[in-house]
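Residue numbers (our numbering), protein chains in the order written: chain A, 369 to 761; chain B, 369 to 761.
None of these hints come from the bench; they were simulated from the model.
Incorrect hints may have been included.
It does not matter which identical chain is meant; a pair holds if it fits inside one copy or across any two.
[Said to hold, decoys possible] Distance condition first, Cα-Cα at most 30 Å in a straight line; then the derived DSBU-like pairs of lysine-lysine: (1) K483 / K466; (2) K370 / K514; (3) K681 / K370; (4) K433 / K603; (5) K749 / K496; (6) K448 / K496; (7) K712 / K652; (8) K483 / K448.
Chain by chain, the residues:
Number of protein chains: 2
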Amino acid sequence: MKLIQDEIKPDILIRIASVQKYMKEEGMDALLVASNANIYYTASRFFRGYIYIPSSGSPVWFVIKPVGYEPEEDVVYIRKPENIPSLLTQLSLPAPSKVGYEFDSLLYSDVVRLKALFPDADAVNGSKALKRARMIKTPWELQRMKEDGIHQADAYRQVTRCYRENMTDLEFQIEIERILRLEGNLGFIRTSGNLMEINMGSVIAGDNADVPSPYDFTMGGAGVDPSLPGGANGKRICQGETVMVDMSGSFNGYQTDMTRVWRLGEISGLALKAHECSRSILRKCEEIGKPGLPVASLYDLAVGIAADEGFDKYFMGHRQQAPFIGHGIGIELNELPVVTSRSKDILEEGMTIALEPKFVIPGVGAVGVENTYVVTPDGLKAITVFPEEIQAL
Amino acid sequence: MKLIQDEIKPDILIRIASVQKYMKEEGMDALLVASNANIYYTASRFFRGYIYIPSSGSPVWFVIKPVGYEPEEDVVYIRKPENIPSLLTQLSLPAPSKVGYEFDSLLYSDVVRLKALFPDADAVNGSKALKRARMIKTPWELQRMKEDGIHQADAYRQVTRCYRENMTDLEFQIEIERILRLEGNLGFIRTSGNLMEINMGSVIAGDNADVPSPYDFTMGGAGVDPSLPGGANGKRICQGETVMVDMSGSFNGYQTDMTRVWRLGEISGLALKAHECSRSILRKCEEIGKPGLPVASLYDLAVGIAADEGFDKYFMGHRQQAPFIGHGIGIELNELPVVTSRSKDILEEGMTIALEPKFVIPGVGAVGVENTYVVTPDGLKAITVFPEEIQAL
Numbered sequence: 369m370k371l372i373q374d375e376i377k378p379d380i381l382i383r384i385a386s387v388q389k390y391m392k393e394e395g396m397d398a399l400l401v402a403s404n405a406n407i408y409y410t411a412s413r414f415f416r417g418y419i420y421i422p423s424s425g426s427p428v429w430f431v432i433k434p435v436g437y438e439p440e441e442d443v444v445y446i447r448k449p450e451n452i453p454s455l456l457t458q459l460s461l462p463a464p465s466k467v468g469y470e471f472d473s474l475l476y477s478d479v480v481r482l483k484a485l486f487p488d489a490d491a492v493n494g495s496k497a498l499k500r501a502r503m504i505k506t507p508w509e510l511q512r513m514k515e516d517g518i519h520q521a522d523a524y525r526q527v528t529r530c531y532r533e534n535m536t537d538l539e540f541q542i543e544i545e546r547i548l549r550l551e552g553n554l555g556f557i558r559t560s561g562n563l564m565e566i567n568m569g570s571v572i573a574g575d576n577a578d579v580p581s582p583y584d585f586t587m588g589g590a591g592v593d594p595s596l597p598g599g600a601n602g603k604r605i606c607q608g609e610t611v612m613v614d615m616s617g618s619f620n621g622y623q624t625d626m627t628r629v630w631r632l633g634e635i636s637g638l639a640l641k642a643h644e645c646s647r648s649i650l651r652k653c654e655e656i657g658k659p660g661l662p663v664a665s666l667y668d669l670a671v672g673i674a675a676d677e678g679f680d681k682y683f684m685g686h687r688q689q690a691p692f693i694g695h696g697i698g699i700e701l702n703e704l705p706v707v708t709s710r711s712k713d714i715l716e717e718g719m720t721i722a723l724e725p726k727f728v729i730p731g732v733g734a735v736g737v738e739n740t741y742v743v744t745p746d747g748l749k750a751i752t753v754f755p756e757e758i759q760a761l
Numbered sequence: 369m370k371l372i373q374d375e376i377k378p379d380i381l382i383r384i385a386s387v388q389k390y391m392k393e394e395g396m397d398a399l400l401v402a403s404n405a406n407i408y409y410t411a412s413r414f415f416r417g418y419i420y421i422p423s424s425g426s427p428v429w430f431v432i433k434p435v436g437y438e439p440e441e442d443v444v445y446i447r448k449p450e451n452i453p454s455l456l457t458q459l460s461l462p463a464p465s466k467v468g469y470e471f472d473s474l475l476y477s478d479v480v481r482l483k484a485l486f487p488d489a490d491a492v493n494g495s496k497a498l499k500r501a502r503m504i505k506t507p508w509e510l511q512r513m514k515e516d517g518i519h520q521a522d523a524y525r526q527v528t529r530c531y532r533e534n535m536t537d538l539e540f541q542i543e544i545e546r547i548l549r550l551e552g553n554l555g556f557i558r559t560s561g562n563l564m565e566i567n568m569g570s571v572i573a574g575d576n577a578d579v580p581s582p583y584d585f586t587m588g589g590a591g592v593d594p595s596l597p598g599g600a601n602g603k604r605i606c607q608g609e610t611v612m613v614d615m616s617g618s619f620n621g622y623q624t625d626m627t628r629v630w631r632l633g634e635i636s637g638l639a640l641k642a643h644e645c646s647r648s649i650l651r652k653c654e655e656i657g658k659p660g661l662p663v664a665s666l667y668d669l670a671v672g673i674a675a676d677e678g679f680d681k682y683f684m685g686h687r688q689q690a691p692f693i694g695h696g697i698g699i700e701l702n703e704l705p706v707v708t709s710r711s712k713d714i715l716e717e718g719m720t721i722a723l724e725p726k727f728v729i730p731g732v733g734a735v736g737v738e739n740t741y742v743v744t745p746d747g748l749k750a751i752t753v754f755p756e757e758i759q760a761l
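The following block holds chain A by itself, in its conformation from the complex (with noise of 0.2 Å):
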């Protein structure tokens, strides 16, 4: 078996392209990928091992595990990182002069041991050109995220089915969970840095929404046990109760990111204005959010339509305020752009971000729409389809 599939390569080859274009910009002649998110990236499969990128011309990708890949001109296996300065002489490379190395997804330990590799050269850090490359997604990587919205839109469609009479939230997950899994999904989300942790998704309750939590979520919950701190606390769904529902979209090495709301019985009238307020958000940055837009005009705008219809106080949280209102997404749940007021990013065509503007309820819960969308010339294009009103249990 090849280690990179042939029909995927030609893809993998537009991402390191971009990856290139960008180490030159920052005057790097090479860059070592050692990361489980940026070898997927950089191969499409998981494999233990490093992907060395020249500014110019082909890589290489060093192999150290499993066994069984077709040994070809650029994959070589190794048995640690310490082989790969002389394979590469071998491979007649020029010794690199100043190398990138992921500062911001290495542990610093592993850091310290691949500089060592080329002592001779500068050391800075890559992490940046290869946020910057997966921001904007090639035509397979989009293709594999509209298979994610589809299957979590198949999933979210057998949601109320889920639900029995005196369920506790965390119940109710537990279902939802079985249904997300048995349509496909991986049961693990990738997250980039150490402020994710997170089991399948989140389904938060009445008021266990306005529960502060230490993660970087834009909702929080307490959790079931204090080392896990967010998302469902255990208690039973009471009637005027909002459940939001923003579970795991990941169905392959990619992810979509999708939340709605479900509610018992009646909910105030507040809640379902609060609501309404996320959709007109949400169509508003649909139209606006063409290439060339600032980051940092969507997070604006959301922020300047909930103050005008007076939810300023609820929004992105009640007792802990989120700062931002959604994220990119893609191999890693958590990617660029970070759509806040600080965002210095611009919108760019094949972008893929998760727009969530929430508001918390007190006495009723949380509230509000997520949808995973594609920048295109027309603007935001939602790639989770499914119905956005809240639906009864």
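Given chain A, work out where chain B should sit, using these hints.
Frame of chain A; chain B shown alone:
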């Protein structure tokens, strides 16, 4: 609410004292803790922030998120880590001259940022002191792990009932996941490093057990997607095959690790005999595994027994063999000690290790047993108590 619960604080102080003992051995006068697992270890709760441990005296817990904990003398809210040095001065703590940072569990960028807080101090690797302390569990920690073992056994008792005719390995796994979750499993496995990506565990049937994986688990499996190449591959379970169930024991901030084997129809005598060999290895390890024994002796013993019985070519894999038969376990799935021939560790009372001597028999699948043990003066005591015989589906 207090950040540190009164009833857990005495136990946490035992942990801190243990870390301080190892800090002193390495000449550190302060250690700045920031990784999720070690925050949990030193607070019995996850929060976003930092814990500053001087080499003697009480630590200071610096909290960024969530809002809402009672401020106390040793619990201080900060906005960012750069606030820490001046607050230490206010608390009359001396400026440190040799500071430990978690080189082995923080991102490169994060360590660089933290090192800048104490520019005049030597920066050293604090990971080892934390790992050594965490190797020996406190009474409170052992109690949590015993609870995990009970919950995991309660769930495994329902595994046979999860099977329906013509199921795939993945469908079988999904039903086991649901049972585990209903039993209180958190649905999230904390691991150390980047070579242990997994959903809720591994269910491998037949020859899928012989597919090499890039991950550092003992067993392989193709997985259902090249982005997560391990475990179940989605093929139907066939007559004459084994199904190895190695699913999550994470029911609180700690976890147990337990593997049992099921079979569909009759399996070969070779497989049955190899399974009994695994049990013999465990019995012998339980007997000799007393404080003072070099960890490597457990490995050597296992390899010796497997070879004596002629099973060496199936031991710990067949096409690709794992070089270890067990691992420390606790907050993270993979802790110290690693049970390998190269281990320099010595068994100590209160260590918790998972031992998993396994065999992959071509044409049949994986066999063998895994238990989680506590090291006691009388040898290894299993906390995953569940019948070890191969059970029929």
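Violations among the numbered hints
As far as the earlier hints go, not one is violated by this structure.
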